[in-house]
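There are 2 protein chains.
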Amino acid sequence: MQLTERQKRIAEIVKKEQPITGEKIARKLQVTRSALRGDLAVLLSGQILSARRHLGYYYVGGGEDPVQEKLASLCIRDYMSEPIVVRADSDVDSAIYRLFTEDIGTLFVGTPEDVIGVVSRKDLIKSAMGRDDLSKMPISMVMTPRTKIVYAGPEDTVLSAAEKLLHYEVDCLPIGTVHTDDGEERFSVVGRLSKTNIVKIFVALGEKRAANRKKTE
Amino acid sequence: MQLTERQKRIAEIVKKEQPITGEKIARKLQVTRSALRGDLAVLLSGQILSARRHLGYYYVGGGEDPVQEKLASLCIRDYMSEPIVVRADSDVDSAIYRLFTEDIGTLFVGTPEDVIGVVSRKDLIKSAMGRDDLSKMPISMVMTPRTKIVYAGPEDTVLSAAEKLLHYEVDCLPIGTVHTDDGEERFSVVGRLSKTNIVKIFVALGEKRAANRKKTE
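Sequence lines, in order, name chains A and B.
If you use UniProt numbering, the first sequence corresponds to residues 1 to 217, in order.
If you use UniProt numbering, the second sequence corresponds to residues 1 to 217, in order.
None of these hints come from the bench; they were simulated from the model.
Incorrect hints may have been included.
Since copy identity is lost for identical chains, a pair holds within one copy or between any two.
[What the hints assert, rightly or not] With a straight-line Cα cutoff of 25 Å, these simulated SDA-like cross-link-like pairs (lysine to any residue) come out:
{"hint": "1", "residue 1": "16", "residue 2": "93"}
{"hint": "2", "residue 1": "126", "residue 2": "72"}
{"hint": "3", "residue 1": "148", "residue 2": "203"}
{"hint": "4", "residue 1": "70", "residue 2": "44"}
{"hint": "5", "residue 1": "15", "residue 2": "50"}
The whole structure should be built from the sequences, with the hints applied where relevant.
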């Protein structure tokens with residue numbers, strides 16, 4: 001949203017002196033009250049100001065940036081992909097084969113109800129260095145074990161997952177929940193959210209514009 | 001941006017009958033011209049309508065979605081990372097070592113002025129399968145050669161790069177330009193843009209809100 005210089009000045013005034021009446025703002029700007037009507041309507045509709053009867057205008061802020069609001073509102077459940085789970089006794093070679101056939105970067109190890117580890121491309125490259133027979137090495141030897149897994153819940157925000165991907169330097173998070181079964185803590189997985197999912201969201205949000213334009217033209 | 005019911009109706013009217021004067025809009029809504037002043041100001045500032053003197057109001061559309069506008073406006077030059085270039089006679093083992101020390105997923109091969117290939121984690125995993133001595137294999141045997149490289153220019157939009165990452169199923173694009181040198185076509189690299197860069201942008205745009213809030217509180 002583009003504000004005029006006067007609208008920015010009004011927002012500044014309200015920010016400092018809230019609550020403030022329209023009459024007082026007009027006096028500060030040396031204009032008539034009615035000359036401000038359009039500017040105040042713009043600031044209210046853009047959720048930069050709010051108004052309360054008998055009190056005047058408040059600065060709401062934050063609402064200035066609809067991009068932040070949109071990105072912070074997305075929920076993982078709506079954007080995650082299917083998890084791919086391989087058995088704990090798979091060998092490294094067949095896990096690599098699976099990565100290529102599914103064209104993904106990260107596998108989960110165990111069962112969907114009981115994930116015991118995660119294997120990424122990084123783990124596989126490490127295991128491949130200086131070893132000669134990957135077909136005999138069990139996947140459990142190269143995976144990151146459950147206790148060290150970084151994960152997110154399906155109701156968390158995509159933004160919080162993106163922060164984890166960056167902070168922990170991983171390409172993909174398992175999406176699921178930790179629960180206790182017979183006194184044992186288990187992690188069950190319902191999805192995966194990778195950097196690729198975030199790029200897809202970026203493209204979907206950025207491209208809609210062109211699609212809408214085509215529709216109206 | 002939140003529009004009132006009347007603002008939405010005005011936008012619809014202008015969309016159908018553009019260009020249309022303020023007087024005509026007022027007549028259609030059975031209100032006075034001055035009663036519309038605030039609404040029109042909101043629609044103009046939100047870039048939903050534009051106005052031309054003597055002609056009246058036009059529907060601009062698209063501008064309804066500031067998220068699209070923002071994401072589509074970002075330029076690669078402002079967000080790319082440093083390119084990491086290894087010599088063409090490097091062996092696979094040392095390239096893998098470099099990937100881990102730099103903590104990245106993709107290396108460029110050759111010199112910054114003359115990139116002859118790209119090596120990704122995917123390429124390295126493929127090369128590692130069923131081979132026993134990576135320290136003797138030259139990187140040029142596993143790289144994607146220049147003629148098949150997908151790249152972008154530094155002045156292109158991040159959005160177009162994100163589309164390429166998805167469409168060509170790669171994790172990282174070299175950013176640079178193709179030029180002719182002594183009749184030979186060469187690709188010189190000035191940066192790289194990976195899925196990680198896009199996730200960083202996502203987090204930066206989504207998080208600002210919290211940062212601003214802290215500042216004003």
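Do the hints match the structure? See the list:
1. 16 / 93: So residue 16 and residue 93 fail the 25 Å test inside a copy (65 Å) and across (61 Å) alike.
2. 126 / 72: Neither way: residue 126 and residue 72 sit 35 Å apart in one copy and 38 Å across, limit 25 Å.
3. 148 / 203: between (32 Å within a copy, 23 Å between copies)
4. 70 / 44: both (18 Å within a copy, 21 Å between copies)
5. 15 / 50: Within one copy, since 11 Å is at most 25 Å while 29 Å is not.
Figure legend: structure checked against the earlier numbered hints; hints not met, in rising order: 1, 2.
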